[in-house]
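**Q** Protein chains in written order, with our numbering: chain A, 1 to 604; chain B, 1 to 104; chain C, 1 to 192.
Hints should not be assumed to be uniformly reliable.
In silico DSSO-like links for lysine-lysine, alpha-carbon gap of 30 Å or less [to be verified]:
id : chain 1 : residue 1 : chain 2 : residue 2
1  : C       : K121      : A       : K578
2  : C       : K163      : B       : K66
3  : A       : K578      : A       : K427
These aren't lab readings, by the way, just hints derived from the structure by calculation.
Since we're looking at a predicted model, the values are computed, not measured.
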Amino acid sequence: MATSVMTHDSAGDPMSLGARIWSWITTTDHKRIGILYGVTAFVFFLVGGLEALLIRLQLASSGNTVVSAEAYNELFTMHGTTMVFMAVMPLSAAFFNFVVPLQIGARDVAFPRLNAFSYWVFLLGGLFMNASFVFGAAPNAGWFGYANLTSTQYSPGMNIDFWVLGLQILGVASIAAGVNFIVTIVNMRAPGMRIMRMPVFTWMTLVTQFIVVTAFPVITVALVFLMFDRTFGTTFYSVAAGGDVLLWQHLFWLFGHPEVYILILPAMGIISEVIPTFSRKPLFGYAIVVYSGLLIGILGWGVWAHHMFSVGLGPVADSVFSATTMMIAIPTGVKIFNWIATMWGGRIRFTTPMLFAIGFIAMFIIGGLSGVMHSSPPADLQQTDTYFVVAHFHYVLFGGAMLGIFAGIYYWWPKVTGRMLSEPIGKLHFWLTIIGANLTFFPMHFIGLLGMPRRIYTYDAALGLDTMNMVATVGAFVTGVGALVFVFNVLWSRRRGTPVEHNPWGAATLEWAIPSPPPVYNFSVIPEVRSRLPLWAQSGMSEVPATPPEPVHVPDGSYWPLVASLGIVIAATGAILKSVPVVVGGGVVLVLALYFWAFEPFEV
Amino acid sequence: MTETNAEHKHPGTGTYVTIAAVLTVITLVEVGVFYVPAFEAFLAPILLTLSAAKFALVVMFYMHLKGDHPLFTAILTIPMLIAFGVAIALLFLFGVFTLGGSGA
Amino acid sequence: MSAVAHHTSTGLDNRKLAMWTFIGSECLLFGTLISTYLVYQGQSLSGPMPGEILDIPLTSISTFVLLMSSLAMVLALAAVTRADRLWSRVWIFATAALGLVFLGFQAYEFTHFVHEGLTIKTSLFGSTFFVLTGTHGAHVAVGVLLLLTLLVRSFQGKLGPDKAMVVEITGLYWHFVDVVWIVIFTVVYLLS
Chain A
1 MATSVMTHDS AGDPMSLGAR IWSWITTTDH KRIGILYGVT AFVFFLVGGL EALLIRLQLA
61 SSGNTVVSAE AYNELFTMHG TTMVFMAVMP LSAAFFNFVV PLQIGARDVA FPRLNAFSYW
121 VFLLGGLFMN ASFVFGAAPN AGWFGYANLT STQYSPGMNI DFWVLGLQIL GVASIAAGVN
181 FIVTIVNMRA PGMRIMRMPV FTWMTLVTQF IVVTAFPVIT VALVFLMFDR TFGTTFYSVA
241 AGGDVLLWQH LFWLFGHPEV YILILPAMGI ISEVIPTFSR KPLFGYAIVV YSGLLIGILG
301 WGVWAHHMFS VGLGPVADSV FSATTMMIAI PTGVKIFNWI ATMWGGRIRF TTPMLFAIGF
361 IAMFIIGGLS GVMHSSPPAD LQQTDTYFVV AHFHYVLFGG AMLGIFAGIY YWWPKVTGRM
421 LSEPIGKLHF WLTIIGANLT FFPMHFIGLL GMPRRIYTYD AALGLDTMNM VATVGAFVTG
481 VGALVFVFNV LWSRRRGTPV EHNPWGAATL EWAIPSPPPV YNFSVIPEVR SRLPLWAQSG
541 MSEVPATPPE PVHVPDGSYW PLVASLGIVI AATGAILKSV PVVVGGGVVL VLALYFWAFE
601 PFEV
Chain B
1 MTETNAEHKH PGTGTYVTIA AVLTVITLVE VGVFYVPAFE AFLAPILLTL SAAKFALVVM
61 FYMHLKGDHP LFTAILTIPM LIAFGVAIAL LFLFGVFTLG GSGA
Chain C
1 MSAVAHHTST GLDNRKLAMW TFIGSECLLF GTLISTYLVY QGQSLSGPMP GEILDIPLTS
61 ISTFVLLMSS LAMVLALAAV TRADRLWSRV WIFATAALGL VFLGFQAYEF THFVHEGLTI
121 KTSLFGSTFF VLTGTHGAHV AVGVLLLLTL LVRSFQGKLG PDKAMVVEIT GLYWHFVDVV
181 WIVIFTVVYL LS
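Bound-form chain A, shown alone (with noise of 0.2 Å):
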């Protein structure tokens, strides 16, 4: 993978298999942290697609029997919470922590040991949740796991409790990320990278992290909620008891809304880096983009009922709703207007990262159309629950997010490991993509509002959706080649990759200004920032020796972060077990880890 800084032992040995193991296992640096989120999100984003493929080999023609309806909804259920939790939000990760520390000028994040938390957490959460399969009993409610379907009386197994542990899990490390980013960006930048002189991709970083701490302690109650339901008998979503299940509905949804924009503004900040490098041209209104970001994650906790405009709110709410969610359009329109004018009167350069970055444009254009089509109630009775729903965020979360986040992979690859990828077989990657996701997500438009309702497992061939719907076969498979095709690249690469040197797209932020790979300790000097731009204004940074002139202290590793999240899922293991001495036991563990690891000498 990428070249280890510790491939030797102090004394200039070789390391042993065991002991690179181990110093990654135990690893607290950002960059380290970074390609393990990388490489593990991307493994779930394979599995992601495993099911999405499976889901549409089902749907390729009417009345098929490839799975069985109850496979089919632990199919969709876990492609969905799966590419949300365990592949999108973790591939923006990777970039947080490998890119963020160095574009403000820091050595590290705010609290390494927590940042390394916050991974083995991921990890062993989606590791976690997956097990269910291994179980026969996969999350199938959706990935929004609406209430009452959730309950014991209508699903009895173990599929919901996995989920919901799951997700437990899964925020634990994303609310500790949360903490750390913002207090990592806040308070450790270089002198003089003033706020306003912040890439727009750190800024999109502390707003999402800013939307994570405060959407995820709501979506923790909705789930402590129904596992109490499952597991104590309250009456929460109870029907029976005077509940009301729409309480989940707001619930999760009142989380669900501000999560789709931690999933986007990440990419959005990617390709606010992208886009100025490969068209030779600083961003078009810095602060604008910057003030829509801050927008979009203040607004957006106004607009979550637009998801339940067929539950019953009352034209007041539903008025009230639309109108919000029409409004948070406008920051949106304003950064795709911003990227535009960036690129006119550029000299563009159609690098692979350039292409994914334009294609988001192209992309999530789309999306949002569609997605203020459905900002009206009365249409959206028309296109809630159907294929045009399916289609629209996969617009903006397949041809927005992730094309984002491939730009970012392909921009940021050779600052990682010192080579560059590909650019033939990424265009090939590119193209294979972009064709694939229209073939599959644009007939959904139709499909949808000719009638085809969601997360169903067959439909009739009297509703002559056959073809469309082996279109959108056709192109699910085709995008699934092209992440082949990138997969191949990535081995490409380790041999064949051109290397390189600090800047090889001559691009204007710091994290350009060092070596490739960095080196462990970052910066030689931490540089005095006296621009936005820093490598394009002239001296918009000051000089970083290429050799530290005095030592730098680099923090050791620890085991303790892997040690309390292993307590944490050995407690979650025995809730699903129903054991109460296994949760008793992880609590011990994770009790003694966290002791351990507040009082080890930890010096950052």
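Got chain A; can you put chains B and C on it based on the hints?
**A** Chains B and C in isolation, oriented as in the chain A frame:
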């Protein structure tokens, strides 16, 4: 150098005890108001105001927001406003407050 | 935890900033629990109702106890800051003890309610009440653990003025838990 204690200037023991006394008095008033039938109609506004006062005293003086960097105030206030806004919205959406015609 | 605070962009301590951010997050946690309580208030179909079962005088006392624990906490911080070993330990212990008294009141209240026929399953009131106040109680318990840890550190001679920030941050957590109770006491008990 990081922040020095100059920024802190924590209040002295006397101030702390005074505030504790004020908090006690407010609590007594709250409980008193609860039991006095004459106040029943205004119970909610009175109690909410009194508890808001207690909240402010603890947050400003014990948690030292008053003397500290305004960033801390922002970090508390913004999520609190979001929480408050969400609570009010949910109360409307579930019909606890009505807008004369909207039902939940 | 690192004993030496590093230079930061705002001049503010990283750990203090982290605790305030966490507190901001907790506003949403408790906000959601309280909102749910309010939404379901008066909707229970059966079981003891708040007016019948909540003991205002008793809970006023436990509220007072928790408020006093916040006083003890700020006095503890002041003592640590001026390197007063004896009073650091007295006030930290007092804070933890008052917290435990609060929890004792709560345990009594919970068992009493169960006796009176209000359990977590009985009704919307039962579910929302116990989960809201139980979550708060769990936060108090964690706070007590943190305080006892500080107490042990003090006895080990490891809680000098250089560790004042750790005490301050623990205090922030503790005061926040107190402040949440102020809201719960008003909304659940007084406005029943």
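**Q** Enumerate the violated hints, using their earlier numbering and listing them in ascending order.
**A** 3
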